[in-house]
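Could you put the whole structure together from the sequences, leaning on the hints where they help?
There are 2 protein chains.
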Amino acid sequence: MLKIAKESPHDPKQNLILAALPEQDYERLLPYLEFITMPLGWRMSESGDHVNFLHFPTTGIVSLIYDLENGASSEVALVGNEGMVGISIFMGGDSMPSSTEVQSAGYAYRLSRKIMKQEFALGGQLQHLALLFTQALISQTSQTAVCNQHHSMDQRLSRWLLMSLDRMHENKLMVTQELIGNLLGVRRESVTEAAGKLQKDGFITYSRGLIKVIDRPKLEMQACECYQVVKQEYDRLLPHPFLKGLK
Amino acid sequence: MLKIAKESPHDPKQNLILAALPEQDYERLLPYLEFITMPLGWRMSESGDHVNFLHFPTTGIVSLIYDLENGASSEVALVGNEGMVGISIFMGGDSMPSSTEVQSAGYAYRLSRKIMKQEFALGGQLQHLALLFTQALISQTSQTAVCNQHHSMDQRLSRWLLMSLDRMHENKLMVTQELIGNLLGVRRESVTEAAGKLQKDGFITYSRGLIKVIDRPKLEMQACECYQVVKQEYDRLLPHPFLKGLK
DNA sequence: ATCGCTATGTTGGCTGGCGAACATAAACGC
DNA sequence: GCGTTTATGTTCGCCAGCCAACATAGCGAT
Numbered sequence: 008m009l010k011i012a013k014e015s016p017h018d019p020k021q022n023l024i025l026a027a028l029p030e031q032d033y034e035r036l037l038p039y040l041e042f043i044t045m046p047l048g049w050r051m052s053e054s055g056d057h058v059n060f061l062h063f064p065t066t067g068i069v070s071l072i073y074d075l076e077n078g079a080s081s082e083v084a085l086v087g088n089e090g091m092v093g094i095s096i097f098m099g100g101d102s103m104p105s106s107t108e109v110q111s112a113g114y115a116y117r118l119s120r121k122i123m124k125q126e127f128a129l130g131g132q133l134q135h136l137a138l139l140f141t142q143a144l145i146s147q148t149s150q151t152a153v154c155n156q157h158h159s160m161d162q163r164l165s166r167w168l169l170m171s172l173d174r175m176h177e178n179k180l181m182v183t184q185e186l187i188g189n190l191l192g193v194r195r196e197s198v199t200e201a202a203g204k205l206q207k208d209g210f211i212t213y214s215r216g217l218i219k220v221i222d223r224p225k226l227e228m229q230a231c232e233c234y235q236v237v238k239q240e241y242d243r244l245l246p247h248p249f250l251k252g253l254k
Numbered sequence: 008m009l010k011i012a013k014e015s016p017h018d019p020k021q022n023l024i025l026a027a028l029p030e031q032d033y034e035r036l037l038p039y040l041e042f043i044t045m046p047l048g049w050r051m052s053e054s055g056d057h058v059n060f061l062h063f064p065t066t067g068i069v070s071l072i073y074d075l076e077n078g079a080s081s082e083v084a085l086v087g088n089e090g091m092v093g094i095s096i097f098m099g100g101d102s103m104p105s106s107t108e109v110q111s112a113g114y115a116y117r118l119s120r121k122i123m124k125q126e127f128a129l130g131g132q133l134q135h136l137a138l139l140f141t142q143a144l145i146s147q148t149s150q151t152a153v154c155n156q157h158h159s160m161d162q163r164l165s166r167w168l169l170m171s172l173d174r175m176h177e178n179k180l181m182v183t184q185e186l187i188g189n190l191l192g193v194r195r196e197s198v199t200e201a202a203g204k205l206q207k208d209g210f211i212t213y214s215r216g217l218i219k220v221i222d223r224p225k226l227e228m229q230a231c232e233c234y235q236v237v238k239q240e241y242d243r244l245l246p247h248p249f250l251k252g253l254k
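Residue numbers (the numbering used here), protein chains in the order written: chain A, 8 to 254; chain B, 8 to 254.
Hints in this document: simulated from the structure, not taken from any laboratory. All residues carry an ideal CB built from backbone N, CA and C; glycine is no exception. A few of these clues could be false.
Going by beta-carbon spacing under 7 Å, a handful of chain A positions derived as facing chain B [stated by the list, open to error]:
hint : residue
1    : Val83
2    : Gly99
3    : Thr148
4    : Ala152
5    : His157
6    : Ser159
The following block contains the structure:
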């Protein structure tokens with residue numbers, strides 16, 4: 008029973024899936040967990056790529072993105088330290104039509120396809136957690152579909168900020184309006200307008216790629232219900248610590 | 008080795024997941040497969056309901072729908088005889104935020120939660136197929152999210168007709184414009200306009216809840232890329248017969 | 001200090017889908 | 001056959017987000 012300092016700068020257990028594993032399972036996997044850094048903007052995989060690693064982020068945020076022929080695109084889900092990136096490895100399809108991109112720099116541990124498939128086949132806790140996370144991801148994606156259809160830019164931007172914030176350990180994001188536009192599938196100008204409104208109302212401040220949320224409760228009021236719906240589903244399905252105590 | 012007529016009116020193997028099982032697995036499950044009818048409009052489950060059965064449609068179509076507080080809603084995926092309804096049973100969450108509604112009447116076989124969980128835990132072919140189908144479903148939902156964001160009513164209606172058609176065994180659909188509006192998350196009038204255009208162009212004819220596709224190739228031209236992308240992913244992931252030979 | 005690049009601000013016209021209100025017409029019950 | 005119900009047709013003003021074009025301003029590099 009190895010004793011592991013939970014707050015060491017680089018600890019696999021900063022990822023909440025890994026942290027929720029029984030000690031025995033965790034120790035069996037530990038030798039295969041490879042530490043990597045995820046730089047801002049890194050395209051971890053492109054649509055259709057054969058995926059070779061399952062990533063468990065400890066910090067930072069990864070966007071799952073669908074691209075269209077005409078160059079447009081939309082983010083369909085966000086993943087942080089509550090989850091994993093590369094589910095096609097254990098779902099069996101080996102690749103997905105989505106690409107993955109690091110939206111906020113950070114770190115991750117990764118497991119090779121082979122080891123993950125072995126572990127998954129054991130039918131233990133990692134299988135269980137992986138499937139629960141996948142179900143949560145489906146909820147997020149589905150809600151995004153409805154949200155895209157029905158809600159305004161202001162609401163969607165607010166929701167996106169909140170979801171990103173939940174996956175950061177600070178109240179600020181390093182991201183340009185241009186990038187947000189790409190992720191939300193709207194023009195940069197639309198983001199400028201919506202962000203300007205949020206700033207004028209005193210919910211956020213921003214400048215050249217740095218957004219600070221200064222009144223989170225009011226931002227939550229401003230966001231559409233989609234934020235809470237997805238959050239509740241994540242809280243229900245995933246290991247306890249997620250989104251708890253991050254304020 | 009029971010011999011089963013593949014074309015008998017009520018055969019579990021009309022569902023392509025069940026049909027793809029090794030004979031041994033299939034026969035083990037057969038005693039537990041309960042035949043049911045799915046009447047038009049049946050709400051199989053509401054958002055958050057504890058799901059007790061995994062359904063394998065043999066004919067008919069089921070819509071997965073997300074509802075919003077203000078009464079609006081959008082369909083996030085369509086399921087026919089290529090798949091199953093009630094994935095939260097084996098994904099582990101027991102319920103989902105989506106509701107499920109029969110969009111085209113038909114039949115299904117269902118498996119109780121208990122039996123399905125047992126079978127899934129064996130790690131056999133049903134587990135494999137269930138996960139592959141789930142991955143395909145994720146693709147469909149994700150593509151829907153992007154499509155909702157970027158494509159026009161005409162395109163989306165065309166895509167929806169094609170996807171429904173693929174899950175029927177005819178070239179006609181029984182569905183009102185009102186219902187299509189609910190599923191696509193738009194007003195009935197918008198559907199009327201788009202459908203009128205498709206009819207004027209000679210792709211479809213319709214009258215009081217009966218839509219016939221009379222020029223499918225041209226309808227495919229009219230639809231957005233989303234149709235083909237999802238279809239290709241289904242073909243790649245799922246057992247062979249899907250969408251093959253349905254014309 | 002200046003140049004240049006990147007991020008943000010702003011404007012004007014356009015359009016697709018919304019909201020509401022109302023018109024017609026096909027099927028159904030009796 | 002007649003009235004009721006249900007499905008579809010049509011119109012008008014409205015607005016969010018699009019497209020295009022251009023303006024300013026912060027920040028780094030030399």
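Here is what the structure says about each hint:
Among the interface hints, the one on valine 83 of chain A holds; its C-beta lies about 4 Å from the nearest C-beta in chain B, closer than the 7 Å criterion. Because the beta carbon of glycine 99 of chain A sits about 5 Å from the nearest beta carbon in chain B, less than 7 Å, this interface hint is met. At its closest, the beta carbon of threonine 148 of chain A sits 5 Å from a beta carbon of chain B; the interface hint therefore holds under the 7 Å criterion. For the restraint placing alanine 152 of chain A at the interface with chain B, the shortest Cβ-Cβ distance is roughly 4 Å, inside the 7 Å limit, so the hint holds.
For histidine 157 of chain A, the suggested interface contact is upheld, since its CB lies about 5 Å from the closest CB of chain B, less than 7 Å. The beta carbon of serine 159 of chain A is not positioned within 7 Å of any beta carbon in chain B (closest approach about 13 Å), and the interface hint is therefore violated.
When the structure is compared with the earlier hints, a violation turns up for hint 6 alone.
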